[in-house]
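Its first residue numbered 32, the sequence shown is counted upward by one per residue in the numbering used here.
It cannot be assumed that every hint is accurate.
[What the hints assert, rightly or not] 25 Å max Cα-Cα, derived DSS-like pairs, lysine-lysine: (1) LYS272 / LYS187; (2) LYS520 / LYS766; (3) LYS769 / LYS683.
The hints are simulated quantities; they were obtained by calculation from the structure and are not laboratory data.
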Amino acid sequence: MTMDNSCYHCGEPIADNTDFCVTILDEPRAMCCPGCESVAQTIVDSGLSSYYQYRTEKAERVDLVPEQLQSLIHYDNEQVQSEFVRNQDNVSEVTLSLDGVSCAACAWLIERQMNNHQGVVRIRVNTATHRALLAWDNTETKLSDLLNSIHKLGYKAAPFEADKQEESYYRAMKQYLYKLGIAGLATMQVMMLAVALYLEVFGNLEPEFKHYFRIVSLIFATPVLLYSALPFYTNAWRSLKARTLGMDVPVSIALIFAYIASLVATFTQSGEVFFESISMFTFFLLLGRFLEMRARRKAAAASANLLKLVPAMATLEDGTQIPVKTLNIGDRVRVLAGEHVPADGYVLDKAVYVDESMLTGESLHIKKNPTETVYAGTINGEQTFTLEVSCRKQESMIASIVRLQDEAQATKPKIAEIADIVARYFVAVILIISACTYLYWQHHQPEDAFWIMLAVLVATCPCALSLATPTAITCSTSRMGDLGILLRKSHAIETLCKINHVIVDKTGTLTEGKVSLAHTQTFGNWSTSQVLSIAASLEAHANHPIAAAFRPYLNNDVQVDAVENHIGLGLTGILDGQHCKIGSYAFAGNRHMPNQAHTIYLSVEEQVVATFTYSDPIRESSQRFIESLKQLGIKTTLLTGDNEINATPVAKELGIETLVSGVNPEGKLSYLHGLSDKDVTLMVGDGINDAPTLAGAHLSVAMGGGTDVAKSSADMVLLGDKLDKIIEARFLAIKTRKIIRENLAWSLGYNLLILPLAVCGLVAPYIAVVGMSASSIIVVTNSLRLLNKNGKPLHTYPHSNHSGGHRSRRVSLGR
């Protein structure tokens, strides 16, 4: 051991009778306390011993490891990662908060650089919410390496947490207010001096005093340029370092050139100075960014607020309170009346009523029977109950909603990608036009050439163009969440406007899917309990609403082996060497029996031993949904694997004219492919047999209570059971498309109008700044109209006419 009597880690004296030691760089090193020993060992175990080789001074005891190393160690720790990282095979995914992202060019830069990084599967950056979805191969790279790469680009990245995101937002707003305040004060002071000089308020003022006023203006303008305008230089430098052109490049050039020209004029006492323009530029630009940040915050807050509904602490059965993030699968939690549910899990002891409005948008409380699932963030009613945790916090329904919303907002529709490309190249065009403008006016009117060029640089910055689509998509996605609809694919809003043919499944979609057995008939020597036990053992291997009706009859003494699920037909298995079948008449029945409606057949050795008659009521919203589609002139088809006897009454009651029944998954997909090219299809389903059709339709909606396979194949997920929410979503999509077009028309129209005026010298620099800031604020504010819940309703439903004798009016919207 080294003989030095000071701690190798922090340099503090080592007390007598202590024996703390860590082997660093192949030598045992003495430590002064358990804290230093623990931190030093963590550094060594993390492969970061080179820290001790290259450090310039000892670590402090209050901050034992440099902040960067702490982040590396922290984020690569598996136990810490379990709070925010989702893993599937070797691919890990995390939602990141980003600081410093100001425009589409920033997002493009991060995506381009990180997609070239080894191990990165994908990254999508959302400029509206300042978040990114990052997926990487955890066998090829570490999260700390990826975060470090983003930091090297000049952006701060950390795993998204709602509370920390809010702290970061308020910290950024405070910094902007400081910069804005300094720029505002300086602008007022410099403008007073400038107006006095321009209007010759002081009459025949001596040249020495004019020079003195210029010096004072310089003193006021310098902090504005060096401090208040710093965000523009930072963003511009990031862009240039990455060999791209961001929105702040022309702004930074304009400010720096104006300051240098005024500085030279001040000390040479020749020419004009425009320190008031510099201060005013910065003030108006910062004001615009500040208002834009507040507007974006409103648009991005919806999903972050969902996470705040999950309480921080949970109460175990014995009364002990523990952090929710430490709950494990199988833990039992007591949920008091009126409390937010802390985790996804199963109700154990009694039937309770739960408010799920934050998920489905419906205010009525939902009854949850024992063994049924309740979700984190929902509100318990008036009965205290015991909950068994079924998944970790980051895998909960509410975490999945936030993740899906972030993914939908981060993926760009085609119109957004085009706008981003145009904005990126537009900056280069503006720089070229500005240079040409300067050369022209230098030849014809040299005293104004510089300021005309300045106006061109500032007035035409395409900030509004890059904000036109992302802000609208973000607001629309949040509003969809309020309706209980999750978007999974970027094209959903575009395609929803164009649909003209809706294809719906029957069981679990048009019907409630709450199947109950109404009657059991046995044949031969089989008893009712026997056939129910056999049927329950077979159906335990299926995930279909009908299978759920047999669960209460499961008997551990009756075990059917070698069960196979024949999708869309039924199930087969072996019981005591005998072949069993359960399913449709064609699958398990025989020719000697009549085919009955809503009946399941059980056969043993090809002989029917029982029939089970079931009931499945039609959803209350199905009638409104179908009638609304008729009003809109949208064709509707009932496409089901159920037989014609079961499907026909449902189609007649709902007024669906086209019925395709008795088809397997392949048949459903074949029907879809056989439709006309003019049909833009929307498929609504919930089962495994719907998955191929959901994936093959132009747009698909999976019911929230459906199978995971169906939801993973769909473009949208309907969390509740109100099918008419899809109609509202369509009207919202049409409104979103309209607002995107308005935003693009305004931003492009503004630039096309202001550019020739600025080139001709008809736009003063301060007017250019006001115009550029106003155009961005107008675009963001226009998008925020999508969040308005108190305005005109999205859609008024038609009056129901169950007799089928109503008159429908064909309305062409968005087609």
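Structure-based check of each hint:
1. LYS272 / LYS187: Holds. LYS272 to LYS187 sits at ~16 Å (cutoff 25 Å).
2. LYS520 / LYS766: holds, 18 Å
3. LYS769 / LYS683: violated, 36 Å
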